[in-house]
Amino acid sequence: SGFDARFFNSLSGDEYVVVKSSRNKEKIRAEYEFYRLLPEDMRMWFATAFDYKETDEGASYAMERFHFTDVAIRYVHGAIDEEEFSGLLDRLFHFIGARKKKAVSREEYEEGRRYLYVDKVRSRIEALKKNSEFRGIEELIRAGTRYSGIDEIADRYFTLYEELMKEKSFEPVLVIGHGDLCFSNILYNKDADILKLIDPRGALDEGSLYMDPFYDLCKLSHSICGSYDYFNSGLFEISLSEDNRLVLSIDSDNESYISLFKNKLSENGFDIRLIRLLEASLFLSMLPLHIDRKKKVLGFILNADRILEEIWK
73 SGFDARFFNS
83 LSGDEYVVVK
93 SSRNKEKIRA
103 EYEFYRLLPE
113 DMRMWFATAF
123 DYKETDEGAS
133 YAMERFHFTD
143 VAIRYVHGAI
153 DEEEFSGLLD
163 RLFHFIGARK
173 KKAVSREEYE
183 EGRRYLYVDK
193 VRSRIEALKK
203 NSEFRGIEEL
213 IRAGTRYSGI
223 DEIADRYFTL
233 YEELMKEKSF
243 EPVLVIGHGD
253 LCFSNILYNK
263 DADILKLIDP
273 RGALDEGSLY
283 MDPFYDLCKL
293 SHSICGSYDY
303 FNSGLFEISL
313 SEDNRLVLSI
323 DSDNESYISL
333 FKNKLSENGF
343 DIRLIRLLEA
353 SLFLSMLPLH
363 IDRKKKVLGF
373 ILNADRILEE
383 IWK
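If you're matching positions, the sequence shown starts at 73 in our numbering and goes up one per residue.
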């Protein structure tokens, strides 16, 4: 189907239409309004939403059904060859370049960026530490890594963030982005060369469509370089080395795909170190949202550390 029904969503419909419904009315309405608020020249990228309905129990909207699988499922099962992957990246970078821009004040830009990549990470780490389920994971970090705990890993991220930001100057612009551009939200048909994006983050007014221009790219990077979809499919293991260190192994064979992505970033003028650093913030921010799967949380932590190591070099 390509539509991942989160725990508060349900999907129904027929051969031609998918109906997405939820008790969370505001979320469903924001997704529906997102499509309506999009500028006309950006609508081609998104699955069209129509027929919004609200009841006492919840809300729903309908979408055209596409008979092809989301990219995440095909990617983790090795069902996308390099030629198709290159075509997919061409399409995605065309989308990245076609996003509508809006100039904002330097202050607004800096504030928005800091919220996404610093304040949000801090608040999520604090939420994680308050969860009783995390205690055992913290002990494993202390015993099986060179860190004293999650705070030290987060501090390493913040230090790298400040260092990299000092080196760079950014144009103060926001773009109309998808907001969750990972492989599970991308539908692609190679033969018809059709790409459709689903499950955007939502917006209730035009201003909410705009976001940091790097956010979509670091979401894409966490699917490609960060192996996010392999974690979701349980295709990873954590073992203990001879010197009692935790070792993360991901059952992926995607080095050539990572190279293609990095080449595309360079061709389009993006700094790979910056994108990967911001990608690390995603793995740290997600930790409390996955605490019901402790092995996955530990995997995300080890993965974030691996990314920081690569940037440090």
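Do not rely on the hints blindly, as some may be mistaken.
To be verified - Lysine-lysine pairs mimicking DSSO-like chemistry, simulated, CA-CA at most 27 Å apart:
| no. | residue 1 | residue 2 |
| --- | --- | --- |
| 1 | LYS366 | LYS202 |
| 2 | LYS202 | LYS172 |
| 3 | LYS202 | LYS268 |
| 4 | LYS385 | LYS174 |
| 5 | LYS367 | LYS240 |
| 6 | LYS172 | LYS99 |
| 7 | LYS202 | LYS174 |
| 8 | LYS125 | LYS99 |
| 9 | LYS99 | LYS238 |
| 10 | LYS385 | LYS336 |
| 11 | LYS125 | LYS173 |
| 12 | LYS268 | LYS367 |
| 13 | LYS240 | LYS173 |
| 14 | LYS368 | LYS99 |
| 15 | LYS336 | LYS173 |
| 16 | LYS366 | LYS172 |
| 17 | LYS334 | LYS240 |
| 18 | LYS268 | LYS366 |
| 19 | LYS201 | LYS97 |
| 20 | LYS367 | LYS238 |
| 21 | LYS202 | LYS192 |
These are computed hints drawn from the structure, not numbers from a lab. None of these values were measured; they are calculated from a predicted model.
- Item | Structure versus earlier hints - violations, ascending order | 2, 3, 4, 5, 7, 9, 11, 12, 16, 18, 19, 20
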